[in-house]
Amino acid sequence: MEMLIEEQLNFDGPIVEVKDLKVHFVLGTGIVHRILGGEPRTVKAVDGVSVSIKQGEILGLVGESGCGKTTTGMALVGLYASSSGEILFDGNNLKSLKGKSAKAFRKKAQIIFQNPYESLNPRFNVFNTVAEMLAIYRVGRANDRNLTVARALVQAGLRPPESYFNKLPHELSGGERQRVAIARAIILSPKFIVADEPVSMLDVSVRAGILNLIRSLSEKSNVSILYISHDLASVRYICNRIAIMYLGKIVELGDTDTIINDRLHPYSNALVSSIPVADPDVQRERVAGTVEVPTPVDLPPGCRYAPRCPHVMDECRRDEPGLREVALGHWVRCYLYE
Amino acid sequence: MALLEVSHLSINYKVARDTVHAVNDVSLKLQKGEFLGLIGESGCGKTTVAMAIAKILPPNAEVIEGEILFKDMNLLDLDKEQVRKLRWQEIAIVPQSSMNSLDPVYPIRSQMVEAVRCHTRMEKKKIIERASEMFNLVGLDAERLRDYPHQFSGGMKQRAIIAMSLILDPSLIIADEPTTGLDVVVQDQILLQFTRIMKDMHKSVLLITHDISIVAENCDRVAVMYGGRIVETGTVRDILKSPFHPYSIGLQNAFPNIRGSQKVLISMPGYPPDLLTPIQGCAFAGRCPFVTDLCRRELPPFARVGTNHYSLCHYTDRVSEFRDLGKEPETWVR
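Same order as they appear, the protein sequences are chains A and B.
182 is the number that the working numbering gives to position 182 of the first sequence; each next residue is one higher, with no gaps.
1257 is the number that the working numbering gives to position 257 of the second sequence; each next residue is one higher, with no gaps.
Just so you know, the hints here were simulated from the structure itself, not pulled from any lab data.
Please note that a few of the clues may not be correct.
Rough simulated footprint, nothing fancy, chain A against chain B, three-plus residues with beta-carbon under 8 Å [as the list claims (entries may be wrong)]:
| # | region |
| --- | --- |
| 1 | 1175 to 1185 |
| 2 | 1202 to 1212 |
| 3 | 1250 to 1263 |
For glycine and all other residues, C-beta sits at the position ideal for the given N, C-alpha and C.
With the rest of the complex left out, here is chain B (with noise of 0.2 Å):
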């Protein structure tokens, strides 16, 4: 049994006049212990999905359908009430910009407190102990809790964050692109860290991000998503090793790396789809070298391509055909 399963999720924004289809028909699992990588570009839906699953979507966002299963509780149909009494204790958010999240005039430990407080009826005394002892844990002196948060720098304070969202003991963590905006050293440790401690305490992570490297260095599965689905889910190896779908294979390319021989980098034409009408047939037809009328017409069934594997195309058959072209610049130039 999985610990997260999300089903058949679409999510809707209304903005003025207009209905952005920001999710379609998303599904994903997470296992005990299991880190999830959530990659995409921006506007591909990616934290939509995750504010879904953290119940924290903004009003005018609506739920057209699918579940949440959490536990065995869906996520979907619970009131305010039951909502606060699982944020914090069973699923934690360590936002993006968690760095501006603290409030510039309380210390770090009043806020924790609050927090806390907000959600079970631990003594302060006890919140203090616990969240001294979550400090520790991510490289912080517990002395600095009575700090304010201009006193930390921003990798301190994204740390900091880490350790609240864990005060609780939670059993899902979701990461939205937790170090962006970091410098790369800072970033780097920050990484190393947070992934050593959940994976030492078993904790399930959502893990939001748009760099593929970070993806391939902390997590187990990966999800692509494109134009508000999910193209390809497997496993670290089957996306960078062995991608199906034609924007994963362009995703290869695209790149540069620090490592190894620079191969000439191709750019993928166009750009992502607008969500503002809904998508007849593939997402990723618009700028796919190997298009065909059938996907333009019709949406392209979640082909099983391995173990765990998955890929959202027609002609997943055709792969090794698309792998060799994918890699020649001219394929890609329209």
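The following block holds chain A by itself, in its conformation from the complex (with noise of 0.2 Å):
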């Protein structure tokens, strides 16, 4: 059982609270397979994640593709069911909520996708979009959704929001469309929002500008969010703290300053020094390591890191490390800092 991290600087309680997450998925196997007596394989995609997200906090949850963030977020709002572990929103166990309470928590919890030319119904023009919402959870009266909806096209950003209720998504540019996701995330006010690689698909000069938009809603309405993103730049601009994850695990966690310029994880140091410095006066450090990331499928017993790692030891290969803490909030999973 992973050690549960508690918050120790802590004003206001944790919104979320996950322990010892795990969500696997069984693989299809053929039908030969199992004639043959085979054993399902399955794809540990989440296996053993433990975190807690502090009210009005963003926490980054950063690692390559496949590393299981993305599953990770959508478990928390309830898009996946955990295989074990706990999810407590707002101290309810994800799992024992049904009927009335199970709206009651999605009602809280809204998640933005990626790629708002897909996420968004081509036929809803903005209004309905944004407004489908309301109707959903029976909120307020249908004379005052124009109000309502204008207000939330406004905190995100699309002024003047009456000319934006007619349109229909494909008449808008990708930084307006992802703003429109964002206006239906929050006109809840939800208290947890998980927004999933928000900006990646956008271009530099509109990113910016989503990038302080989220920035913002979290300052102004206390909403905690967990920002996934493989995009350490981004990370570091606009979250409290970042979880790095690598195959399914957290293999560091602390502060925004500490990961970015005191990380200890040899995983955490590469891929912070693998972001290319748009600098000329800046000569980076490379690190050296192979790059071929195991799926996680069948992974071998120790450190998952194991046959990547520069520092690998004997100890590594054979156990796995757990996630200690290091320093004051500044937890770590690696043999070298035991």
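With the hints in hand, could you dock these two chains into one complex?
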């Protein structure tokens, strides 16, 4: 059992608490495989994640594709069922929520997807896209919807809001579409939002606007955000804390400054030092190591990063290291720091 | 004499009853052994320029004017047969999402042989020998030439494509977003190797990307495209340290950095122009905080602002004012 990460400098209680979350997918093995008595194979997409997200905090979840960061995000808003472990939302276990309480949870936990070109219904205009949320959760009277929708659009930076009401997604640019998706996510004043790579499909010149918007949402409305991304530069810009994930497990967790400047795990180091720098005066030190990522099926024992790690030791291949607190609020999963 | 010289290139696309003015009056030069980065947002025309040079424009594209001189030949005048001889031997392409450009049902080796045989009469044995050499060069085991694409990871496929592009020793490599879609660690290693190999072999490279930091680390010169035009061109240092065009100035404050102190990001208001209608005046006028009536009315000249540093702006003389104001978020608020 993973050690639970307690918040020590915490004025507000955590809004989301994840304890040893596992999400496993059973691969559809072929009929021949089954006749021959083969065991079904499982993809351990999320394999023991423990983390808590405070009120008003933006937590960055960073890792390469296939590391399980999106699966974690989807599980936290109830889009994937957990295989084991607990997700506590506002103190309630997600698994125990049924009927009305489940609906109340979904109202408070929203998600913004990566691709605004696919996440919006092409036949719904902006007003209907955003107002649909009010209808589903029966919020307010139908007469007041115009005002509520307009307010959400303004909050998402779409001004003047009325001019967007009748537009269809194809009439909007990528940045505007993502703002509509954000308006839809915030209209019910949620307590928690999962933002899954919300800017990766957008151009640089509009990206900054969306990042600033997400940051101001957490500052102004005290909403907690799980910001999932592989882009450490944008994570550094908006997140209070960063969790680095590798093959289904968190390998390092700490304050943004700690992870960027005083990171300890060899994988975090490889990630941060691989990012190109747009400054001809900076000579970047590159970290050696192999780059092939194993798939999260049939993982060998020991540390998952051992096959790529430049500091690998014998014990790394035998047992998996635990997540330990090396400094206040700074957690690392590595034998080098035991 | 430059290896490649594109002058006054304009390209339109016919889409249903509309015309997209994708590339307008683009000129650029690429010397032997030089790395030129072509950067810009999606839809700015950078890939269209690359496709025109590689002669792979789709049928609905029409070159309105201009010429593309490669080793003194105008590529636009060549017929199919001449182009076939040029490809791979003189000009090779590392395409966008090249991970998907390998045929899943043939081993990598057969695909290499087939591709080379289209362009030369080289013997099969010789081709495989050469392919093995190139595989070693990009860090792949030559044994794996017999493998099928699905046995390779994304990064390995990308390496295989780079090896393929070098097989006939071309002098110009066009790399269109060569590492987009790869993970950061893999991207970093491939780019490091790619740049090192190309530099060692004195190849000229046209690197097309939306990522300014990739250009900063790998290129000698940069051309910034916006709304179908090149708006600024110069060395990497020119563009990053002393930009002249308001768009380049705005870009500097628009992306977060992993090093140094964290500044507040400033987003440029508005969105890139719609290329369906020809733009009168400056393409950036609609978003530029320093816009005047002149900008909306007249296309600015390509003003020389330094040695080989040009900016498409009426007000290059006011640049220090622009740079100072450009750092203030209020400047960009509309």
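Going through the numbered hints above, which ones does this structure break? Give me the numbers in ascending order.
none
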